[in-house]
Every structure is written in C-alpha cells, then in structure tokens.
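Residue numbers (the working numbering), protein chains in the order written: chain A, 942 to 1319; chain B, 250 to 372.
Hints listed in this document are in silico derivations from the structure and should not be mistaken for laboratory results. Note that the coordinates shown come from a computational prediction; the quantities given were computed from them, not determined experimentally. The beta carbon of each residue, even a glycine, is placed where N, CA and C say it ideally should be. A couple of the hints might just be wrong.
[Claimed, not checked] Some residues of chain A that are not near chain B, with every Cβ distance over 10 Å (derived): (1) Met998; (2) Val1210; (3) Ala1252.
[Stated by the list, open to error] Derived coverage of chain A by chain B (criterion: at least 3 residues anywhere in the stretch with Cβ under 8 Å from a Cβ of chain B; other residues may be distant): (4) 1058-1072; (5) 1087-1101; (6) 1129-1138; (7) 1171-1183.
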Amino acid sequence: MSFITGVGLTSYGKHEGSSSLDLMSEAAALAIADAGLRRSDIDGILCGYSTVSPHIMLATVFAEHFGIRPSYAHAVQVGGATGLAMAMLAHHLVDANVARHVLVVAGENRLTGQSRDASIQALAQVGHADYEVSLGPTIPAYYGLVASRYMHEYGVTQEDLAEFAVLMRRHALDHPGAQFHDPITVADVMASKPVALPLKLLDCCPVSDGGAAFVVSRERTGETGVRVRGCAQAHTHQHVTAAPRLSELGAEIAIGRAKEASSIAISDVRYAAVYDSFTITLLMLLEDLGLAGRGEAAARVRAGHFSRDGAMPLNTHGGLLSYGHCGVGGAMAHLVETHLQMTGRAGPRQVADASVALLHGDGGVLSSHVSMFLEQVR
Amino acid sequence: MSGSQGMADWTTGEGAIVYQSCASCGAVQYFRRAFCAVCGVPNPQTRRSTGRGRIYATSLVCRAATPEARAHVPYNIVLVDCDEGFRMMAHGEKDLAIGDEVVARFELFAGRLVPHFTRDHRE
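Just chain B, with the same shape it has in the complex (with noise of 0.2 Å):
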C-alpha cells in the first residue's frame, strides 16, 4: 500500500490505533479498505486516532483454543467507542465496566502487539 493508507498500526506491529475518514460524505471506519464502505468513494484519509474511548461491551475470556492465548487467560476482550467516532474490539483491564472511559497503551498478546485499555483518569 503507499501513501496515508500504509500508515502502520498495531495490526502491523506498531504500537498505534489508526481509522480513515472519508472527505467526501465524512464517515469514519476502523477496518481498512481503499474505499468509503458507506458512499464508495475511495482514498479515505487515514488518521491516526488519540486512542481515548468509552467502554461498549466487555467480556472476560476464561478458555482460550490455542496455547499461546491460554497462557495469558482470563483477559478482558472490549469493545470500545473511540473519540473519533468508530468502534474497535481490543485487551482491556479485567475490571472495566460498560461507560468506563479509558485510553489504550499497547501489550504483547501470544507474542503479537495489541491495544490494552485502561481507565482514562481525565481532568
């Protein structure tokens, strides 16, 4: 990929949380594609998001189905509302709860970097 659509996020080993937004009709989407899934226009910008949300769902996952995932169990899988406006399913603290808001750091998950989030004490 070249361009803004090749910035490098965690599903590629860096540590960071990227979504594209469309400059045409301006909706957000977290899973990469060279086009606006919701008017087809392509090239949606890529950004590079502050990594703060909210706490949608959670769910403690207690038996895993590979030996690398069952080393690390229970862990917490999220799914979490970004500022910027798009959803992501993500590693978070065991104990969150649906409204936490909270900001995502990166951990090493069955040898892989993914987003851990945390609670966002903001001001």
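Chain A extracted, bound-state conformation (with noise of 0.2 Å):
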C-alpha cells in the first residue's frame, strides 16, 4: 500500500536566474512540508533529467545539493511519461519496504535556460537519429502526423481540437501560477500561426520554467489519504515510423492494466488528470482511455463534460497547454492538482467529488504510457 502524502509545485513559465537545481529544491521542500515531514524522514529521491543540465547522475547531484542522504536515488528517463512512472516505482519501493517516503522530484529552468530553437531541437531528438531525423521533424510534426491520420480515420476536424486548447486555458485562469491567463476561443486556435498542420500555436504546450514534487509513503500523514489503487504501464515503440495501428496504441494496453490491477472501472472515475502535450494527444487519450468514445471527445468538450462542474473534471489546474510545461515537471503538475482536489484544497477550482482518479501519461510519441489510478481515504 502506499500515499501520496505531499506536493509542491512552483509557478510555470519564466523563472529567470532559477537553475534547473533550484527549481527542484523549490518543489521538493514544498512537497515535504505539505507531507507534514522533515528532510531527514526522507530516504528515497526518484528525480527526472533536465535537458537543460544534463547530468548522468542526477540524483544523487540533487541529494547533495538538497541536503538528503538517501538509501535509495536514481534518476528515471520516459519523456513525458517520467513523473507517473516515477510515482509507480515510488509506490512499490515503499510497498516493497525499500523505503518509507520517497520524494519524487524534477524541475527544469527550460524556457529561460536555453533558446526555444535548442528546446525544439533538443526535443526532436526523440525521433529516430538516421531514419527520421535528418528530415527535420519537430516534436509538433510527430504528432502532427498522427493527428492527420487520427482525423482522417475517425472524422476529427481542426474545430474539434481546438475545442481542448480552450478548455486548458479556461481552467488556467484560476490557476495563480498557470503560465497564461488570457482567455482564448476557438476562432482564436484556428488563427494562430501553423506549427506542423494540422497543429497550430494554440494546440502545441508551451515551454516553460517550473518544479513539481511529491512524496510517495507507507502510511498517510494527513487527515485525507490519497492512496495509490493501481498503475500500469505499456511500450510499444519509440519512433512514430513504427508505431502500431491507432488501435493497437499503448493508452488501452495500460488502462486495461491498471483496472486489473487496481479492481477499478472508468465508471468509477470522478476526475481525470491526462497528459495534452498537443490537444490532439489529449484527444486521442481521452478516447483511448474509455472517457469518451471514438471521434466523440470535443462533443463532450462542447458539452461541458470536463469542465470543472461537470461529470469528469479534467486537468483543472489548464494541464500543459495552459498551466506549462517543463519537462518532466510537466505532466507531475497534474498529479499535484489532482491531490489537491482529493484533499478538498484547490480553492476556486474545487470540483464536487474527486473520490477516484485517473491520470494517464505518455512519453515519446505516443510511445510509453503510465496510467494511475488514486483513491481517496478518510
């Protein structure tokens, strides 16, 4: 059994003069005290990388530089899907007795740290280093590819993605540390400047300053308990060329994982935290997922399915499109809003009921994928 028993998080967007170190330490001693802990009953640090500071030992580069001595610490590499599969392994090193609170920790001073040219180069490099490459990709064109043939097989339009963008941005506004805070329509997605088409500005993350942290425990240290009820993960490629079919993608192989593992049902779910590095990522996701069928998505968008009254409050903190994105920090913030729901704390953007939750990540190309199940426990 295990807890999430604390979270911090920083502000997303610029943090200039912050290294990517200082970000970490930000978030981390945020998440401690949140835990109601000291420094000292830490005995485990999973940190992510920073692209930015690349280090081959970052863990223990952190541990130093924090002041922790732990008897366990490494770093974990997934992309996008790093800070869920660091909450997966933290929940079984400490149901496994390995160690008793493991701090789960990344931070990255990526939008002042570097140019935005390096950022998109940098990230590229995820693509295959012969085969794709040299054809000059980006980030946004991998994915702009699957969005093309998701829209094409499942009758998705431009409208409808941006219907996603909107939303992110809708709860980013009472968000405090959200990276944007003007509102945006649909009309305005559309008119933003092509990235890779069928992507546009406003469907594509920023980049962004920013720290996330949170410890995972044996026992709960709060009143509320946020229990970990099940995870699951599932790979089934790296490069977007060999990719299976849309529907043999790695989202239902995890979730269909994590219901087994965890004895719950999407109809279960009261909240849903969903990585939206593009809106079409949170749309295909969504839909892998089972919360919403194929091609129906943007209709409960429009509906106001996720918004933060309505049946499945999604990402209420603006998610990556709206809130940031820093790296592995990035998806980490979605765990950090979704505890703060659970233990009643997001102020105006409390929901209703936040009993279960489900968050997904993905990193790669659609690539490796985590998806978590949380209760909660009075």
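Two independent chains are provided; combine them into the complex using the hints.
This is the structure we're talking about:
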C-alpha cells in the first residue's frame, strides 16, 4: 500500500536566474512540508532529467545539493511519462519496504535556460537519428502526423482539437501559477500560427520553467489519505515510424492493465488528469482511455463534460497546454492538482467529488504510457 | 558492415530506399539491424525498394528548429506505407493526401539527400 502524502509545485513560465536544481529544490521543500515531514525523513529519491543541465547522476547531484543522504536514489527517463512512471516506482518501492518516504522531484529552467530552438531541437531527438531526424521533423510534426491520421480515420476536425486548447486555458485562468492568463476562443486557436499542420501554435503546449514534487509514503500523514490503488505501463514503440496502428496504441493497453491491478472501472472515476502535450494528445488519450467514445471527445468538451462542474473534471489547473510544460515536471503538475482536488484544497478550482482519480501520462510519440488510479481515504 | 547489409541508401547519401526481409519468418523491417526484430534470426536480407507506396499520414512543418531546415519551410513530412510492406518517414509534395499513391525521388534538404514522394500516376 502507498499514499501520496505531500505535493509541491512552483508557478510555471519564466523563472529568470533559477537553475534546474533551484526549481527542484523549491518544489521538493514544498512537498516535504506539505507531507508534514522533515528532510531527514526522506530515505528515497527519484528524479527526472533536465535537458538544460544533463547529468548522468542527477538524483545524487540533487540529494547532495538539497542535503539528503537517501538509502535509495536514481533518475528515471521515459519522456513525458517520467513523472507518473516515478510515482509508480515509488509506490512499488514503499510497498516493498525498500523505502518509507520517497521524494519524487523534477524541475527545469527549460524556457530561460536555453533558446526555444535548442529546446525544439533537443526534443526532436526522440526521433530516429538515421531515419527521421535528418528529415527535419519536430515534436509537433511527429504529433502532427498522428493527428492527420486520427482525424482521417475518425472524422475529427481542427475545430474539434481547438476545443481542448480553449478548455485548458479556461481552467488555467483560475490558477495563479499558470503560464497563461488570457482567455482564448476556438477562432483564436484556428487563427494561430501554423507550426506543424494540422497543429497550430495554440494546439501546442509552451516551453516553461518550473518545478514539481511529491512524496510517496507507506503510511498516510494527513487527515485525508490519497492512496495509490493501482498502476500499469505499456511501451509499444519509440519512433512514430514504428508505431502500431491507432487501435493498438499503448494507452489502451496500460489502462487495461491498471484496471486489472486496481479493480477500478472507468465508471468509478470522478476526476481525470490526462497528458496534454498537444490538443491531439489529449483528445486521443481520452478516447483511448475510455473517457469518451471514439470520435466523441470534442462533443463532450462542448457539452461541458470535462469542465470543473462537469461529470468528469479534467486537468483543472490548465494542463500542459496552459499551466505549462517544463519537461518532467510538466505532467507532475497534473498529479499535484489531483492531490489538491482529492484533499479538498483546490480553492476556486475545487470540484464537488474527486474521490477516485485516473491519471495518464505519455512519453515519446505515444510510445510510453503509464496509467494510475488514486483513491481518497478518510 | 559487410555483404548485403552494407547496401547504400539515402541515409548514407545514396539515392535509394532499402529495407530488410527475414528469410526465416518473412517479416520486413525498415530500420537496419543485424537481426530480425520479430523472430530474432540474424542476417536479414537487405533489398532495394521500388520506392512506391501509399500516404499514411502527413504534417506540413511551418516552424523548423535549425537555420538549415528553416530555409526549406514549409515542407511536408509524410509517412509512407511502401509496397514491400514497411512504413517510412520522408518528404512529400505539399498537397499530398492520406491514401494517395506515391513514388519516391530524391532531393537535397539541409545539405543531405532525402526521399521526396510525389503522386504516382500508375496505369
């Protein structure tokens, strides 16, 4: 058994002068305090990576910097799925008595620490060095390819995709830490600069500075417990060229395994936290996970289904699309927000019922998937 | 590399597309390896593709990350299902649509020879 006992999150956007370690430290201190623990209580550390400050031993670099001597520590790299993969590993580590309190932390000054070109170029390297990267694709292009096919097979339109950007922006308006605070419309998304068609600028998450952390513990420390009910992964390919057909992607496999591991059904879920690097990512994952029928996710957005007061509130902090994306910390913000919702601390964003939550992360080009169910325990 | 594995293709500056075929299980693969990724048997045969296929997906890149690539924007990145049974990434004419039958020629992009697909007007 394991519980998420504390969470910490910085604002996302520009943190001029802050290093990756600074942002990690800020988020880690917040999470440890939130769990009601001291630094010395932490005996395990899992951290992500920083494209700005790559290091072969980032977890021990962080541990030394932060002032912890853990009995278990290393970094994890699964692209955008890293945050949830670390949560899953932390769950298993405390469940197996390897550690009592595992600090999961990530942070990166991805926006101010390097040029946008450098970020785009670094990320494009998830492509195949010989057979893809030399063709000049970008991450938006990899997802643009997937989008074109999904739209072709299921009759999804660019306006449908735009609904998700609008929804995430609307949610971000109520979070002071979000990178973007100006409301947008479907027309704004449609008129935004083309990046890798069918994806336009507002279909894409931004590059951000930020940090996020949480503590996973064997016993709950707070009044309301947030328990990990079950989780699972699936990895079907790395490169988009080698991806299976749309009906065989990893999200469906991971969620199937997670349902089995947790004995939870989609009909039990009250809150959803789903990876949204691009509008197409969010639309596809919602449909792959069974949170909407095939080709029906956009209609559900229009009907208010995924709004804060809807039947399935989704990414109420604004997601990667509008809260921001600082790399590994990006999707960890989804878990932080879920924790706030489940412990009744989401303030103006609080939903009526977040008793059971589904989280899903994706890394690469829909390559690596992690699904996780959290449950409120009083 | 030696023998058929060393057959030159566009990734090494030659105007050709090659793929591998497993003599044991019959699987075909595009990314070069010393073994078949389906059954693990070593030394799959390297074959030259006709360069004909069908468009699986497209994305028109309008924002590139390097100065060399920026000189070419917008350029169309496509996934092509080749007649021999493998999928590949390439460039293509800007107005290609999913399902179009295409054939490869080769063009310079950012100083390198890359496959560029155009509509194939088959009889």
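Here is how each hint holds up against the structure:
1. Met998: holds (29 Å)
2. Val1210: Holds, because the least Cβ-Cβ distance between Val1210 (chain A) and chain B comes to about 31 Å, which exceeds 10 Å.
3. Ala1252: Fine: 33 Å to the nearest Cβ keeps Ala1252 (chain A) off the interface.
4. 1058-1072: Since 7 is at least three, the answer is holds.
5. 1087-1101: Result for this restraint: holds, n = 5.
6. 1129-1138: Since three or more residues must qualify, the claim that chain B covers the region 1129-1138 of chain A holds, with 5 doing so at under 8 Å.
7. 1171-1183: Coverage by chain B holds for the region 1171-1183 of chain A (4 residues, Cβ < 8 Å).
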